[in-house]
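*Asks:* So the sequence lines, in the order shown, correspond to chains Y and X. 3 is the number that this note's numbering gives to position 3 of the first sequence; each next residue is one higher, with no gaps. Just remember that this note's numbering sits 80 ahead of the position in the second sequence, which is counted from 1.
Where hints are given, some of them may not hold.
[What the hints assert, rightly or not] Straight-line C-alpha distance at most 30 Å; calculated BS3-like pairs for lysine-lysine: (1) X:K139 with X:K197; (2) Y:K34 with X:K139; (3) X:K121 with Y:K12; (4) X:K205 with Y:K45; (5) X:K143 with Y:K12; (6) X:K156 with Y:K45; (7) X:K86 with Y:K12; (8) Y:K45 with X:K139; (9) Y:K45 with X:K151; (10) Y:K34 with X:K123; (11) X:K197 with X:K167; (12) X:K205 with Y:K34; (13) Y:K34 with X:K167; (14) X:K167 with Y:K12; (15) Y:K2 with X:K147; (16) X:K143 with Y:K34; (17) X:K205 with Y:K12.
Keep in mind that the hints were calculated from the coordinates and are not lab data. Being a predicted model, the structure only gives us computed values, none of them experimental.
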Amino acid sequence: MKVNVLAFGIAKDIFGGSSVEVELPEQGTTQNLKQSLEERYPRLKHLVSYMVAVNNEYASDESLLTERDEVAIIPPVSGG
Amino acid sequence: MNNQIKISDQPLNIQSCIDWVMTPQSGGINIFIGTVRNATKGKIVMRLEFEAYEAMALKEMHKIAEKAFSKWPVQKLLIHHRIGVLKVGEVPVIIGVSCAHRDAAFEACRYIIDTLKETVPIWKKEIFEDGEVWVAAHP
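All chains, full assembly: derive it from the sequences and hints.
*Replies:* Okay, structure coming up:
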């Protein structure tokens, strides 16, 4: 399946755009997505940390993804 | 409505935030105003650029508000965050809390700004004379 991944902050710089498409196996998880992205964009591993949000909620590594989900990479936040 | 939460690309209005949060039942209001500082670690900051994942940021801000209402006897609560380009001295965030007594107002206000900085998906980039950096991204 193809998952569209939104990027914000420094993730946008790392991906070179505000979204990327990632091919994942059916029943793919957030963890699978992170691995795939880190292979394609090794700079992700240099961040202090980053989270994945699914449908506007922070997701755990075991969360299952579907093509219909709104998925986003959340680098360390720095509002305020 | 006893809470007012918004993200805006327009300048925030401090006085209208104070006016909105104050109620006849309030014995005190606590306002936190974040401002853009002119330097970081000795380097001169030219401006800041804020970006939000707006739908999720609003959701997280509402969660913080709910938590504050459940932990303290808060009467009204306001969180305004600005996005876009801000110059030194401008205001990226205003938190306002009204309570019958000051202790709760101080504690709730501090909780809100501290939690916002940890959980709300908003990012700032510092622009220096000789480069730029996304705050908190790297060790």
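*Asks:* Would you list, in rising numerical order, the hints stated earlier that this structure does not obey?
*Replies:* 6, 9, 10, 13, 15
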